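Chains as they are written, first to last, in the working numbering: chain L, 1 to 102; chain B, 1 to 224.
None of these hints come from the bench; they were simulated from the model. Bear in mind that the values here come from a model prediction, so they are computed numbers and not experimental data. It is possible that some hints are incorrect.
What the hints assert, rightly or not - Simulated DEER-style distance windows between Cβ atoms:
1. Gly-221/B / Gly-30/L: 31 to 37 Å
2. Leu-217/B / Val-5/L: 39 to 45 Å
3. Leu-96/B / Gly-100/L: 55 to 61 Å
4. Leu-99/L / Ala-121/B: 47 to 53 Å
Quick reminder that beta carbons are idealized off the backbone N, C-alpha and C, glycines included.
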Amino acid sequence: MTWVVLLALAAVSYGLKAAGPLLAGGRELGPGVRRALDLAAVPLLAALILTQTVGDGHRLVLDARLPALAVAAVLVWRRAPFLVVVLAAAGTAALLRALGPV
Amino acid sequence: MATAVRDRTLSGAAGIGIAVGVYGVSFGVLAVASGLSWVQACVMSMLVFTGASQFAFIGVLAAGGGLLAATGPAVMLAVRNAAYGLSLAPILPARLRDRALAAQVVIDETTAMARAQEDPAAARRAFLATGVSVWLCWNAGTLVGALLGGGLGDPRTLGLDAMFPAAFLALLAPQLRRAGAPVAAVAGAVVAVVLLPFAPAGVPVIAALAGIAPGLLLARGVRS
Numbered sequence: 001m002t003w004v005v006l007l008a009l010a011a012v013s014y015g016l017k018a019a020g021p022l023l024a025g026g027r028e029l030g031p032g033v034r035r036a037l038d039l040a041a042v043p044l045l046a047a048l049i050l051t052q053t054v055g056d057g058h059r060l061v062l063d064a065r066l067p068a069l070a071v072a073a074v075l076v077w078r079r080a081p082f083l084v085v086v087l088a089a090a091g092t093a094a095l096l097r098a099l100g101p102v
Numbered sequence: 001m002a003t004a005v006r007d008r009t010l011s012g013a014a015g016i017g018i019a020v021g022v023y024g025v026s027f028g029v030l031a032v033a034s035g036l037s038w039v040q041a042c043v044m045s046m047l048v049f050t051g052a053s054q055f056a057f058i059g060v061l062a063a064g065g066g067l068l069a070a071t072g073p074a075v076m077l078a079v080r081n082a083a084y085g086l087s088l089a090p091i092l093p094a095r096l097r098d099r100a101l102a103a104q105v106v107i108d109e110t111t112a113m114a115r116a117q118e119d120p121a122a123a124r125r126a127f128l129a130t131g132v133s134v135w136l137c138w139n140a141g142t143l144v145g146a147l148l149g150g151g152l153g154d155p156r157t158l159g160l161d162a163m164f165p166a167a168f169l170a171l172l173a174p175q176l177r178r179a180g181a182p183v184a185a186v187a188g189a190v191v192a193v194v195l196l197p198f199a200p201a202g203v204p205v206i207a208a209l210a211g212i213a214p215g216l217l218l219a220r221g222v223r224s
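Build out the structure end to end from the sequences listed, making use of the hints.
So, in structure tokens, the structure goes:
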């Protein structure tokens, strides 16, 4: 059963990714749709950032992930390399959790 | 100049790959802890290949939910890849076989890297470099994590859960220069956080797409 569900999830997930490139590839999109799609990743990424920083299941919690995100934000603003940004975030969260009850 | 841009693209792709690989290790560890076998964890990473969906899936399993309950949020989180696929279609390889393969790596990281480029040729190069790098590292990480099993300890103690928002922030930042993007980002974030306490897992992130509307309105205002 686990295998069936895993393979079905794989098929659905590939179908979603491939629908645009394989089916709508040659089609021209209207400028409005084009602009909307260009912008689509922005609110999704913002939502992922927030829900994965303050979300815990259905609860909103403030914990070590928030200061970790703040450190990441400063590093992104200072144009630090991607790897430095994510490792600094992990290090901040790990350090705060080791030090106290956050 | 062109060489410098190309170097930056490649080092960006490698950097994203390494970060994704590290997170792949924790996915492998958590997947095995949630009850999947190491083979299932690895096959999932190769075929499903969309991190947030995979984490949502094993998260529900680990919390005691059934397979079908775990599938819903995973699919909803994967829906955004359809939007990415549509927007990336013009820069993907033209040959059907290459196109079908490239579609498998249509995800957050590759889309963001492609979007950050100035012209279509650079966007295609950045997409493919990031796709290969992220696919290899994610799967290598999953394998290592799944074999290590619980040996790494609690991913939270290592702060691995804080890596995801930081990575998404680094991907979001270059896109904020688009007209209307900051408004779309704030609106999307607000929608997601407001819905989080009661909407099913995965729905808040999809609903955040509503943030496109105020972003577009504002962008139109700027142009006229």
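The hints, checked one at a time:
| no. | hint | in the structure |
| --- | --- | --- |
| 1 | Gly-221/B / Gly-30/L: 31 to 37 Å | violated (20 Å) |
| 2 | Leu-217/B / Val-5/L: 39 to 45 Å | holds (41 Å) |
| 3 | Leu-96/B / Gly-100/L: 55 to 61 Å | holds (56 Å) |
| 4 | Leu-99/L / Ala-121/B: 47 to 53 Å | holds (49 Å) |
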